[in-house]
Amino acid sequence: MSAHRRYRLAGRIARHALLVVSATFALLPFVWMISLSLKPPDEIFQPDFHLWPKTFLGVENYRVALTAAPMLRFLLNGVFVCATIFALQLMVCVPCAYALAKMRFRGRDTLFSAVLVALLVPPQALAIPHFVLLHVFGLLDTYAALILPWIISAFGIFLLRQFFRSIPDEIIHAARLDGLGEFEIIWRIMMPMSAPALAAFGVFSVVAHWNDLFWPLIAVRTEDISTPALGILLFRDDEAGQFLGPLMAGATIIVAPLLLAFLLAQRRFIDGLATTAMK
Amino acid sequence: MSLTASIQTPIRSVVRRRHRTEEAAIGWLAVSPALILLICLLFGPAAAVILFSFTDWQLGAATFRFIGTENFAALWADPPFWKALINTCLYVAIVVPGTVGLGLATALLIEASPALRGFYRAVHFLPVMSTMSAMAVVWGTMLHPSIGLVNRALAAFGVTGVNWLRDEHTALLALALIGIWQGFGFAMVLFVSGLKAVPQQLYDAAAVDGADGVLDRLRIVTLPMLGPVTMFVIILSASRAFEVFDSVRVLTQGGPNYASEVLLNRLYSESFDYLRTGYGAALTVVYLAIVVALTLAQARFIERRVHYS
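For the record, the sequence lines run as chains A and B. Per this note's numbering, the very first residue in the first sequence carries number 1; after that it's consecutive. Per this note's numbering, the very first residue in the second sequence carries number 1001; after that it's consecutive.
Heads up, a few of these hints could be off.
Label-pair distances were calculated between CB atoms; the ranges are [unchecked claim]:
hint, chain 1, residue 1, chain 2, residue 2, range
1, B, 1215, A, 184, 57 to 63 Å
2, B, 1218, A, 50, 23 to 29 Å
3, B, 1227, A, 31, 34 to 40 Å
4, A, 83, B, 1060, 31 to 37 Å
Not close to chain A: a few residues of chain B, all C-beta gaps over 10 Å, as computed [stated by the list, open to error]:
hint, residue
5, 1077
6, 1128
7, 1221
8, 1224
9, 1257
10, 1264
If you're looking for bench data, these hints aren't it; they were derived computationally from the structure. Virtual Cβ for every residue (Gly too), placed ideally from N, Cα, C.
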């Protein structure tokens, strides 16, 4: 009995010991980033390393990061671009997904096949024609350039169509008998009933576009309309970004919002990303 | 009875037909924005890329001419392209086992007991949520030859570290480490959901058969039951690793001497640094073909597994 207990205790300790190691690996870059963001240059370059600075320069480093580059502007741009993309995606995808799931019309199955084919195309493969298209319309280096290529999401149509199909037809028949038109059914009945699927798609979409670097790097040159992922690189190439303290402070400011959102709504984020990945 | 039925049927079918046309009209109305955008932003551009790949067009140039398959021939003879292709495959070959192994191990450990379960899960998931370009900047300082954390730690053990990102032998390896760091938390989450789906009865049955040690349970029940999830995680992390770009762009730009060049960075450089649109389009077509082929192969594979299981 006591041998068994000791065995279990050893197992518990081993579990924590191993998980602390992997957790350290996961957290180390964040800890390093914050530590450097609080230090003066000479402490960063001296041979012995202390986690906590001897001379606290945190306030100054963050002040430089916030004033030398429009850090808050980057974040606001990120919020604006991600929110607009997601709103437009919903306006386009939801009616289409509903029609594909619940209505009968000629060409429906062909269209759904087209959506499945579209799922195969990686977005990076469309960068050149999107660039040309935006150039032709004079939209390069604007918010529109960051948003327009993403407003159609084959994945969104597919995900929502699968979810809409799981909603019983009786509900829709009842709504029709009550005199609701199809678009009223879409926005007033299907949308509220699909909250989990919409949340999953929202998390997927926002995380993807907040973190995206490839497209903003192509579409945008001006600092004022940069998204966070691009902004930190512009800051690095600035004069002030040559100093590691402010640069790390800037990186902290850039990654903080999404990480905080995640910590506040862990389940939502994990479930959302896991279910969208499973599709 | 039969009379009324024979009268009603045509009326009903007329009504139904009218209802049908109305439904079709509304249906087309509902899909039209998506359809138009699919054509303008997806299928049209995809066709355009293929068209561009047969031209010598350079961005900004007023004219271009069709040069047949010259771009593809040039690609075939271009050492940096092959370097990028091989490096991308190497990168995938390192990142996938690392991500899957570490993800599985942490998932098993986290699910082994409820103590601090939520805390560990959140901590391991943080890298997944972090903006790669910013974290790549941070990794750049960690891998710095003199002030970086990695070489400081090695020095503590009396080992002299190298300049990880500027050394031809280690640049790709360092990027792969960053890739594993970012991805293994996501693999962990998928494995955890797979573990939750293993029925308790199987463990009970195994216990009846005398397999109640941790390792026995793992070998006899857990790992075999995780087969499909494992396959899925491998496929997912492989396709993500294949798209590696951010860390390469931020840290090495494919250098030194193409040692860390990857397909997407090559594609970006040719298309948007050198503005060789036709050539970049040819590269894009190759990239597109590889991704589509891999995706179709995966879909086939998953379908067959599900079918047999």
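Each hint tested on the structure:
no. : hint                         : result
1   : B/1215 <-> A/184: 57 to 63 Å : holds (59 Å)
2   : B/1218 <-> A/50: 23 to 29 Å  : violated (41 Å)
3   : B/1227 <-> A/31: 34 to 40 Å  : holds (36 Å)
4   : A/83 <-> B/1060: 31 to 37 Å  : holds (33 Å)
5   : 1077                         : holds (22 Å)
6   : 1128                         : violated (7 Å)
7   : 1221                         : holds (17 Å)
8   : 1224                         : holds (20 Å)
9   : 1257                         : holds (23 Å)
10  : 1264                         : violated (6 Å)
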